[in-house]
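**Q** In case you want the letters, here they are:
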Amino acid sequence: MKALAGSPALGVLLTIAGFLLAWGQPPVLPSINVVDMIPASLSGETNQDSEPFLAIQTANPQIMVASAFTPNPFSNTGKAPLYVSQDGGKSWVLNAITPVPRMTCDITHAMAAGENHPRGDLHAGTLACASSITLEESETNDVSSNTTMNVQTTRGNVDQPFVRALGISSGDRIYVGVNDFNQPNGHTATVDVSVDGGATYKSFPIEARKTMGQDGPSVRPAVAGDGTVYAAFFGWRKFSGTVATSDVVVVRTDTAAPGAIPFQALKDPSDKLPGRLVVKNISIPWSNAPTLGQERIGSTLSIAVDPNNSSTVYVGWADRGNKGDIYTLHVRRSSDRGVTWSKKDLPHTTIRNATNLALAVAQNGVAGVLYQQLSNGRWVTHLVQSHDAFATIQDTILASVPANEPTEQFLPYLGDYDYLLSVGNEFRGVFCANNTPDLGNFPQGVTYQRTADFTSKTLNDGLGNQVAISIDPFYFSVPVIP
Amino acid sequence: MKISSFFAALVGTTLWVALFGLSGAAWPQEPDQQTAPAKQSSIVFSGTVSQLGATSFADVPRSAQTIVVRVDSVLKKPAPVSLKRGDNVTVEVKDTSAFQEGARATFYTDGWIFGSGVAVKELAHEISPAGEEATKAASTGEKVSGHTQEQSDQELQDRLNSSDFVVIGRVTGVHRWTPPKSATPYRITEHDPDWHEAVLEIKSVLKGGKVKGNKMVVRFPARNDVAWAQSPKFEKNQRGIFCLNRDQVSGVPTAKLGGNQVNAYTCLGHGAALPMAEEAHVRSLLKRR
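Just so you know, the protein sequences line up as chains A and B, in that order.
Letter by letter, the first sequence follows residues 1 to 482 of the working numbering.
Letter by letter, the second sequence follows residues 1001 to 1289 of the working numbering.
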């Protein structure tokens, strides 16, 4: 070797050898990964860790943050924790740094840029529910530090903060969809906008029509790379106590830095008011009790925009569906910046008795739909992909678990939402499920961090004591179809 | 498990005797203050320092403040936490100069990062004399590991301190209560508490003033939503110890009781209602105030 060092012949030989090695071998493709996120050192936990969410750092997608209704693992008065991965989701740790004591009762988050903070910049919207429901919008530059996230704004009387962010050189732009009961005239669908990394927020009501006194809880922003921002919400027109009569409304603003009146770019031809009505007067069952299996239902909504073509946008929701159905999912598409929408559900996207719909669009334009369907006594978690507006699909079942166990500790059982994102050539997401270590429940395979015996299909606390099954958060990554 | 009784005995006898006069202790040596680290810590263990400026597993940021300690004995930990003798723990210490490799100490800590291992933040420590087993407490330590999500003494003390009333009573009736529309804005949310009222017949008042007619109205969320799942749900004939606060949550501070307007109270959050078996414990904590 020493004789060859520095010789031109070495380079030639290595090049030829490398070519021969590579030639004829398939390119290395990412595989499907499913990971139970509970860390090994918390193997004894039996919490209902439901309602997961996921953030991926833009600058380094190996850095991710997730959340669930996971209580502080060491104190009833300590801060609610976040899950952190620094290796692209292979492993997760828990770090109790949110501003909320013990456990949040709603949390979403986004990591916008992070180019100056290797383990930041995380922006979160949390609800603390110890005695009253309070929204805190907060941030941290290091998700592994032991410093509590910095609270930037606080206010009460709001519901379901839903955070999206866009990193640009002049500062992160943050969009937080909230159902803001402080807004006048029942126009509660609101987007909080910060154009200075969360230092200041301004609230913009996005409802323009008469409501029954408020809009539905879900207000969902979606941000494209060019700064186009969409938001979808349920415009509640009537409410019977058990059924909301609702429109699905989409608004849009065309610059990352909104002007005086943002989210006015789309107007519906029927009344010329801001906000395009994708569907009108649908019936949405509202049940704050176990209704779909052990899950409650009432406000399932998702919107996703093509990151490289902001003209293409998908919206999905759940309503009553046909007679005999409990809760039915629907997905529609616009290819002209939300001006017109498909008249009917896209093929393969009318999905009966399902919830937790989450949409995402990959870099190559492939659309992904994550959902959980109650089928034959099991919760079945699907990721459906399509490159042709769901005319043809690839359906990947990530989990199929018994729906009748464990017994719910509280609602939501699995979550009022789960989440799906795309990065590079992967869809990445999170869902919650029964954590029985049974390979038959996970058709794509699964990795448990916590101590589990797949032979006896039991959990233990790492000290030899058996642990009851519970609901755990699961992370997954699935290659995007070509 | 009674954490307080253990640590009263532990600190009051073994540790205090063992550590009296130790120059290496980093916690004040007054007896009352000796109980502080045990009370405030969620994870207590004795161990041997194996590395300085290091961490025991990936994902923990290494710094000059982080040291690795091999666990000799676990004295206190939450039940879900997997921690045992022989494990390596990362401790973010307050003063790195207090530690050398090979030093033995008892660490009073709070959790930090939970992954393939455990990382904790030091609240206090007690250096063991050279040549001595970690601490005498360690010999009994394994018996007390297994502290669960139950309320710790410190948490219960804090709750008692912040309560307007602590009473022993019986629930004589429960009914649904809807706030008047004039009092609170109409809203529909999955976090709706579904307020109910319980009438409490008071047997004795452990904290607070005299209760007129020996009855109180307590509002509680009947909903099993995540926001309220930790709050006690009342049932007729239920007996117990109740930590009550004037109602500042429902939007209406008063209630009707026997045709009279009375103050309304709430009993919210984890551990606000306690079984009668806790009476002596609660009384002893109230005496310490």
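Since the hints were derived computationally from the structure, they do not count as laboratory data.
Certain hints may be false.
[Unchecked claim] DSS-like mimics (lysine-lysine), calculated; alpha carbons at most 27 Å apart, straight line: (1) B:K1212 - B:K1233; (2) B:K1121 - A:K79; (3) A:K238 - B:K1181; (4) B:K1215 - B:K1121; (5) B:K1212 - A:K79.
[Unchecked claim] Listed next, the stretches of chain A that the computed footprint assigns to chain B, with coverage defined by at least 3 CB atoms under 8 Å from CB atoms of chain B: (6) 67 to 74; (7) 93 to 105; (8) 300 to 314; (9) 333 to 342.
[What the hints assert, rightly or not] Far from chain A by the CB rule (all over 12 Å, computed), these chain B residues: (10) I1043; (11) S1050; (12) P1078; (13) V1081; (14) K1084; (15) R1159; (16) T1184; (17) E1201; (18) I1202; (19) N1214; (20) R1239; (21) E1279.
All values reported here derive from a predicted model rather than from experimental measurement.
Positions of the beta carbon are idealized from the N, C-alpha and C atoms, including for glycine.
**Q** Indicate, hint by hint, whether the structure satisfies it.
**A** Evaluated hints:
1. B:K1212 - B:K1233: The given pair, whose Cα atoms are some 24 Å apart, holds under the 27 Å limit.
2. B:K1121 - A:K79: Within the cut-off at roughly 14 Å; holds.
3. A:K238 - B:K1181: Between K238 of chain A and K1181 of chain B the Cα gap is close to 18 Å, so the pair holds against 27 Å.
4. B:K1215 - B:K1121: Roughly 46 Å between the alpha carbons, so the hint for K1215 of chain B and K1121 of chain B is violated.
5. B:K1212 - A:K79: 39 Å, violated
6. 67 to 74: Held - the stretch 67 to 74 of chain A has 5 residues with a Cβ nearer than 8 Å to chain B, which meets the minimum of three.
7. 93 to 105: Coverage by chain B holds here, the residue count being 7 at a Cβ distance below 8 Å.
8. 300 to 314: violated (count 0)
9. 333 to 342: Coverage by chain B is violated here, the residue count being 0 at a Cβ distance below 8 Å.
10. I1043: 6 Å, violated
11. S1050: 18 Å, holds
12. P1078: 5 Å, violated
13. V1081: 6 Å, violated
14. K1084: Nearest chain A Cβ is 6 Å from K1084 of chain B, so the label is violated.
15. R1159: 10 Å, violated
16. T1184: 10 Å, violated
17. E1201: 25 Å, holds
18. I1202: 23 Å, holds
19. N1214: Fine: 26 Å to the nearest Cβ keeps N1214 of chain B off the interface.
20. R1239: 24 Å, holds
21. E1279: 21 Å, holds
Hints 4, 5, 8, 9, 10, 12, 13, 14, 15, 16 from the list above are not met by this structure, while the remaining hints are.
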